[in-house]
Amino acid sequence: MSLKIALASFAHTHAASYASLLGGMPDAEVLSADPDGASAPDAGPRGADFAAQLGIPYVDSYDELFAWGPDAVVVTSENALHRELVERAAAAGAHVLCEKPLATEVADGEAMIAACEAAGAILMVAYPVRFSPPYLRLRASVEAGLLGDVFAVLGTNNGKIPYAARQWFTDAKLAGGGALVDHTVHCADLIDGLTGGASPKRVYAAANRVLHQDKGVDVETGGLVTINYDNGLLATIDCSWSVPDNGPTWGGVYLQVTGTNGSVEIEPFLPHVSGTDPSGEAYLPIHDNFDVSMLATFLGAVRESGRANAGTTPAVVPQPDGAVGLRTLRIVDAARRSALSGQPVDL
Amino acid sequence: MSQELAGLTVGLIGAGNIAHLHVGAWKALGARVVVHSVEGAGELADHYGLEVSASLDTCLADAEFVDVVTPSVTHKEVTLAAIKAGRNVICEKPLTLTAADSHEVIAAADAAGVRVYPAHVVRYFPAYVAARQAVRDGRIGDVAVARFFRQASSPAGGGWYRDVARSGGVIMDLMVHDLDQARWLCGDVRTVYAVQNPPTVEGQSPVNVAAHVTLTHESGAISHCRATWAAAGTTFQSGFDVAGSAGVLKYASAADSGYAEELQDGAPAGDLLIPANTLGESPYLTQLREFAVALRGGPEPRVQAADGAAAVDLAEAARASMETGRVIDMKDFDPTGAAA
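Heads up: the protein sequence lines correspond to chains A and B, in order. For what it's worth, numbering that gives the first Met the number 0 labels the leading residue of the first sequence as 0, then goes sequentially. For what it's worth, numbering that gives the first Met the number 0 labels the leading residue of the second sequence as 0, then goes sequentially.
These are computed hints drawn from the structure, not numbers from a lab. Be aware that a few hints might be false.
Said to hold, decoys possible - Computed, partial: chain B to chain A, Cβ under 8 Å:
no., residue
1, PRO197
2, THR199
3, ALA209
4, THR233
5, ALA242
To be verified - Reference listing, derived: stretches of chain A covered by chain B, where coverage requires no fewer than 3 residues with Cβ under 8 Å from a Cβ of chain B:
no., region
6, 162-170
7, 199-209
8, 337-344
For clarity, every value in this text was computed on a predicted model and none was experimentally measured. Every residue, glycine too, gets a C-beta built ideally from N, C-alpha and C.
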């Protein structure tokens, strides 16, 4: 049975990866819409032009997209617009894969979870690093007790500022903030997965705007977020957009996990061949595309669960689910408030 | 021996871990070393060919200046005794275990016209020197976010390190290096936020423990120091990541030393508590030479008593932050030791 998968919006840069992977699946039909693309201030193509470039079918409006009767919807809009599209998808009886962060406000995230629950729809959050081989091995080692008791984590998700391709990432209203919103959640998700969903208890964030002042950016571009969890775990996440524009690669994710029997460090995007070329440092990534495994997990769950049925629970609830999305969003929200007040925030 | 250090006699007080590195440096500089210690002076003297001084007073009388490498809790008392005897002092970090004591030591030294140099040796490690110079030269623009880390095989399984009243705990003992580095690289500190896991209970540090401290600086930079007393046998490691408006700097001691070994039978043990196996000139030697030359009338060294006191202030502010769960504003923080 072929699945009908709708791709809602090309606002997020990850939409291109999802589109090309979904478009290449023999047992999936894809339809896309990006009605807000025409008015976006982005230099690159959006809307029908972008769909043509990606080689996937396109309709002009979300009405047409949802009227198509998709089995699943992949939401890759601006962060602040996730809620509306997720609620429409749930109302249309479709399962949802929502780009991270789940939303820009906690209340939106709660409403999205409620809408999907009521519709019997899957709500999965697109955290692909969870599916990377280094992380899977780390998690297996933690679960096997090889690290002893884990007591501290340092995470970094540093990257280039996502500015040139999609300008909304630096729009406080559409993105919900700057680097704190864009880059805290991946590491927070990885920690969530290691702890089996420990809840944040206290969050402190220091943020500044020293980086990228030449671009007139008015959201925070640098940030350090320290989290105390209810199980005692201590973690700090550096979410700064601190990879220079001329860096050899976009950035990466790093996690150091320390336990009483030793520590493990992972850098899922590190595997690469290095060298030089006429423009300077060459960097040839050789790691898997983690989106492949993430999409396979989502679509496998959609296939097994069948159409969303209001009042029932999906047969398979793939992780990371909406609850993970909400816990990680709570960290972002607390970090934003802490950065404003200059004091830690208790949850 | 260099001409400027001819005829030098150093009074070494203490004979523990770090004493070996200092003795190696003093011997390389051609100095005569007279050692006094409650424990271990004889063995140290036999091993390196030093002279033992039976009492602190005779050691002070014999020495041109003293090098204090005793357990942290005795730094104040020994340093004050040396100041009273009119001897200049080189003192291992932390200068003292409380901000109040550091300021008392500095006041006594000033009154006696004696100099005190705290041994913040990381200021002499080439990677840290190079990074600071690059920042001062403007090579990465304005510093935005700096991260420092330092981990050691935990010394808190036994002995005096575990007793926070004697060691100060992982922040005062280990992170104090990076608190100094954060100040050295990013400038004066505006606020301090600190967390530690597991917490210290009834004055006893956990054996395995991590502390994370976030600083905001007057310059607008933010920085993070992470110190870990890790599982027994963990190799000593340190490093930094500094992001500026025009570039980044990174260093990790494990990856960037230019030497890696994978030896089986007979392999030497790696560094556990102290980065002793540095390549090239020992930073401990660089440091002690700079101090000794300064005490002989040469240029002042790159680290001063006030820097040692400032690092202790920050460590104490970190403790106050952990106790209150609040961010400590250094403007309101009483440097005599009471949390504002």
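Going through the hints against the structure:
1. Annotation: interface hint on B:PRO197 holds; nearest CB of chain A at approximately 6 Å, less than 8 Å.
2. A cut of 8 Å between beta carbons decides the hint on B:THR199: the least distance to chain A is about 13 Å, and the hint is violated.
3. For B:ALA209, the interface hint holds, since its Cβ comes within 8 Å of a Cβ in chain A; the closest pair sits about 3 Å apart.
4. Because the beta carbon of B:THR233 sits about 7 Å from the nearest beta carbon in chain A, less than 8 Å, this interface hint is met.
5. Nearest Cβ of chain A to the Cβ of B:ALA242: about 3 Å, under the 8 Å cut. The hint holds.
6. With 0 residues bearing a CB less than 8 Å from a CB of chain B, the region 162-170 of chain A misses the requirement of three and the coverage assertion fails.
7. By the rule of at least three residues with a Cβ nearer than 8 Å to a Cβ of chain B, the coverage given for the region 199-209 of chain A holds, with 6 such residues.
8. Evaluation of the coverage hint for the region 337-344 of chain A: fulfilled, as 3 residues show C-beta separations to chain B shorter than 8 Å, against a requirement of three.
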